[in-house]
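Engineer: Listed below, chain by chain, are the residues.
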Amino acid sequence: MAIERHLNDTVHVTNLEWFVNWSRKSSMWPLGFGLACCALEMIATFVSRYDLARFGMEVARPSPRHADLMIVSGTASKKMIPAVRRIYEQMAEPRWVIAMGACACTGGIYKNYAVVQGIDRHLPVDVYIPGCPPRPEALLDGILQLHAKVMKEQSIHNPRVTCVKVAGE
Amino acid sequence: MNQEAIKDRLTAKFGQDAVLDTTVFRDQLSVTVIKDKIREICRFLRDEPDLFFDFLSFVGGVDKHPQTPRFEIVYQLNSSRHKHRFRIKTRVEETADGLASIDSVVGVWATADWHERETAEMYGITFKDHPDPRKLLLPEHWTVFPLRKDFPLEGTDDTPDLPPQKI
Amino acid sequence: MNEQVRRMEDFQSELMELNLGPHHPSTHGVFRAVVELDGETVVNVTPHLGYLHRGYEKTCENKHYHQVIPLAERCDYMGASSNSLAFCLTVEKMLGVDVPERAQVIRVMFAELSRIFSHLFWLGTHAHDVGAMTPLFYNLREREEIMNLFELSAGGRLMPNYLRIGGVIQDLPEGFVERLRAFTEHFDRRVDEYETLLTKNVIYMDRTQGIGVLSLKDAIGLGASGPMIRGSGLAWDIRKTEPYCGYETYDFSVAVEKGCDAYSRYLVRIREMRESNRILKQTLEKLPGGPIRARQPGVVFPPQEEIYTKMESLIHHFMLVVEGLKAPVGEYYQCIESPRGELGCYLVSDGGPRPYRLKWRAPAFVNLESLAIMARGHLFADLIAILSSVDIVLAEVDR
Amino acid sequence: MINSYLPILVILLVSAFIGLAIIVLSTLLSRKNPTPIKLMPYECGMDPIGGARRRFSVRFFIIGMLFIVFDIELIFMFPWAAVYDKLLVFGFVEMLIFVLVLLAGLIYVWKKGALEWQ
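Listed in order, the protein sequences are those of chains A, B, C and D.
Using this note's numbering, read the first sequence as starting at 219 and increasing by one per residue.
Using this note's numbering, read the second sequence as starting at 41 and increasing by one per residue.
Using this note's numbering, read the third sequence as starting at 666 and increasing by one per residue.
Using this note's numbering, read the fourth sequence as starting at -10 and increasing by one per residue.
The hints are simulated quantities; they were obtained by calculation from the structure and are not laboratory data.
Everything numeric in this text was worked out from a predicted model, so none of it was measured.
Be careful, since some hints might not be right.
[To be verified] Calculated cross-link-like contacts (lysine-lysine; reagent style PhoX-like; alpha-carbon spacing at most 20 Å):
| hint | chain 1 | residue 1 | chain 2 | residue 2 |
| --- | --- | --- | --- | --- |
| 1 | B | K77 | B | K123 |
| 2 | B | K123 | C | K905 |
| 3 | B | K104 | C | K728 |
| 4 | D | K27 | A | K383 |
| 5 | B | K189 | C | K728 |
| 6 | C | K865 | C | K923 |
| 7 | A | K329 | C | K728 |
| 8 | B | K47 | B | K77 |
| 9 | B | K75 | B | K47 |
| 10 | B | K123 | B | K104 |
| 11 | B | K47 | A | K329 |
| 12 | C | K946 | C | K758 |
| 13 | B | K123 | C | K882 |
| 14 | A | K243 | A | K370 |
| 15 | B | K189 | B | K168 |
| 16 | B | K104 | B | K47 |
| 17 | B | K75 | B | K123 |
| 18 | C | K865 | C | K905 |
| 19 | B | K53 | B | K77 |
| 20 | B | K168 | B | K47 |
| 21 | B | K168 | B | K53 |
| 22 | C | K882 | B | K104 |
| 23 | B | K53 | B | K104 |
| 24 | B | K168 | B | K75 |
[Claimed, not checked] Some residues of chain B that are not near chain A, with every Cβ distance over 12 Å (derived):
| hint | residue |
| --- | --- |
| 25 | R49 |
| 26 | T51 |
| 27 | F54 |
| 28 | T62 |
| 29 | T63 |
| 30 | D87 |
| 31 | K129 |
| 32 | E134 |
| 33 | A136 |
| 34 | P179 |
| 35 | E180 |
| 36 | H181 |
| 37 | P192 |
Every residue gets a Cβ at the ideal spot worked out from N, C-alpha and C, and that includes glycine.
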């Protein structure tokens, strides 16, 4: 952040860091980005029974400009991957990625010509959630682990720089 | 009207040489017709009052690789009035420059548009005077025909993840 | 004011191309359409598909017959059990396997449950697209109940993977029948709740009546099936015309409307939910005892408990898993009435353990062809209502 | 005399402060990482077709104007509603006339067909 130039790691920076991490974690807005079957389980997690609103995340923003978290739920086909990369790049920092479901993690049961074998070939993924489709509890567990990861970030000392990976490296 | 009677109507109308082969399997009969007359046959099957096949379920391709002629186009027909089904097939030979071609039946059934576009991009069969011969399901920059038997399942290196970078 | 507007309009309105792109809240997945707009009226819609093309048919050609069932279920993740039913019926017709009575009734139960399952999600998202937010939460509450039923019987919530070639994987657990009976009893009142929200709602009627008109001639010409064609006046339901799985023994009526527009498709789907509920009640009464899978060594899996005790069952199971079943040479086309229309599975077999060619006749893919005709001339907001009235599932459209 | 206008001054200062604070803090604290793709307009993940500077149909502006007129009408009602009990019948009649004038405007616009799209 721009402010760290004046506050060279005095004690209150760590408190400020805790505060910044806490505020980011507790109001992380997911991007409404459902690709395939996992999208239905993601929607089931949003709605009243599993209730993602408990974590301040029930606002699924359609536009990447207002979203912090991209939950890639479903199969990223090779025709869709340029759009996925562009949407990720158009999200504002700080941004996180959850690969939900076997297809997003490793291509899942579709090991063929049409599917990208894992979203981490193109995007820096923070949390992988296995399952086809993962149960809503698994998605919630993945989100809680992401919150724990965000709390451990040094968002002021060396803020994360996340960018799209070079093609297929 | 059972399928044998439909086949006899076909042979009566288009002569014996139009119907090349008939296979019967578990109460379903499929007739292989000659490729050049496909559009007249389809129009006849649709317009004949007591056949009246006005509903085309799908147009599909089958790659019989070792055999020649290589490709087989399947037309699965259904009649909304008489509620009977029928299947006709044609064999299409892959010419030297690797482009098999057949007349398009979009004029007869409007639904054949997307079916033929998908069969074209998956097998490399061109449907003559098709109104909109663009790719349907595959990315634009691909030049492979995935559903052919000699195409590996995992894809080759000309099915890249990303289109060539437009710098 | 209006005349001056029209005069000014003539000389400068050129078309605006808008991208209703793959990532859009109201395209029910990754559907893309380039829409040419003249101000707010839609001049032309050209859909671009393939953003969820997963190579389903090519993958099936490299799988054994019983390995294709999970793939088939993921092809239409809203009505998963009806997909595996279509595939299993085709293979059983080719192999000449006759499924025991109890398994047939359970299959009808699961097919009707997945029809209600799919129509509920459609109703929620369709109402959401037209502006009504509440039905989504009502419908997903019922869906959770059906997911409990799927989970109770087969373990999977969304895609139970419960059917096998020759029957079903295991018998219904004890609590299933009581829970299903409780569901069927209170489901009719729930559908009345949805109807009070939408059917007589003036805003909803203005947004959907006369919108997306598909005449019967166009519908048949464009191959539309299921609620699309029943909303245009043709009472064609494959459960009635070509009954499978014992549907001829159930008494239900085909929901048909003459209106040809989005509102009549809504009415058709609502009545279909009620009819499915009626069928579910009848399946509960006539649920017979007996085995849940046919006994045909080398083709159908032997019962699970016999594998640990009997030697030849173990050998049959082992051979079936390792080498798969050998289907006779030939081709067969079997279609069923899925929640979206005529779901057909055309299977060509060359005698090997793998399907030589599997052509999946996806109703959503064919119904989507009529979008351009229906959307022309309407406002842009109506295009969204029409798209959601077609009820597309992108995994089935792009296969 | 002066202190009867003090509250208005306080309100103005506080609102200005809050508005400016939000703008200043967000520019100060936010991280700037403008990549060319991030600055491109977002069009559902695809390449944007055509620029944003183009000739729009006039009807959009008409509907925009009508909205502003009736929105301002509503804003005038807020302070009136706040002190409604002190204004007694006079305030009520005054607002009634104001609403009726605008109602006449609405009827005129409706009859001229400016609300329809065609």
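Engineer: Hints first: check each against the structure and report whether it holds.
Structural biologist: How the hints compare with the structure:
1. K77/B with K123/B: Violated, at about 25 Å.
2. K123/B with K905/C: Satisfied, since the Cα-Cα distance of roughly 11 Å is no more than 20 Å.
3. K104/B with K728/C: Status holds; Cα separation ~18 Å.
4. K27/D with K383/A: Roughly 15 Å between the alpha carbons, so the hint for K27/D and K383/A holds.
5. K189/B with K728/C: holds (14 Å)
6. K865/C with K923/C: Given pair K865/C, K923/C holds - Cα atoms ~18 Å apart, limit 20 Å.
7. K329/A with K728/C: The hint holds at about 12 Å.
8. K47/B with K77/B: holds (15 Å)
9. K75/B with K47/B: Distance of about 17 Å is within 20 Å: holds.
10. K123/B with K104/B: At roughly 31 Å apart (the allowed maximum being 20 Å), K104/B and K123/B break the hint.
11. K47/B with K329/A: Violated, because 42 Å separates the two Cα atoms, which is more than 20 Å.
12. K946/C with K758/C: violated (28 Å)
13. K123/B with K882/C: Holds, at roughly 16 Å.
14. K243/A with K370/A: holds (11 Å)
15. K189/B with K168/B: violated (24 Å)
16. K104/B with K47/B: violated (24 Å)
17. K75/B with K123/B: Distance ~26 Å between K75/B and K123/B Cα, so the pair is violated.
18. K865/C with K905/C: Judged against 20 Å, a Cα distance of about 30 Å means the pair is violated.
19. K53/B with K77/B: Given pair K53/B, K77/B holds - Cα atoms ~12 Å apart, limit 20 Å.
20. K168/B with K47/B: violated (26 Å)
21. K168/B with K53/B: violated (24 Å)
22. K882/C with K104/B: Violated, at about 36 Å.
23. K53/B with K104/B: The hint is violated at about 29 Å.
24. K168/B with K75/B: Roughly 12 Å between the alpha carbons, so the hint for K168/B and K75/B holds.
25. R49: holds (42 Å)
26. T51: holds (42 Å)
27. F54: At about 40 Å from chain A, F54/B clears the 12 Å cut-off, so the statement holds.
28. T62: holds (35 Å)
29. T63: holds (30 Å)
30. D87: D87/B is indeed farther than 12 Å from all Cβ atoms of chain A, at 39 Å.
31. K129: holds (27 Å)
32. E134: For E134/B, whose nearest Cβ neighbour in chain A is about 20 Å away, the distance exceeds 12 Å, so it holds.
33. A136: holds (26 Å)
34. P179: violated (4 Å)
35. E180: violated (9 Å)
36. H181: violated (10 Å)
37. P192: Incorrect as stated: the minimum Cβ-Cβ distance to chain A is 8 Å, not above 12 Å.
When held up to the earlier numbered hints, the structure conflicts with 1, 10, 11, 12, 15, 16, 17, 18, 20, 21, 22, 23, 34, 35, 36 and 37 and fits the remainder.
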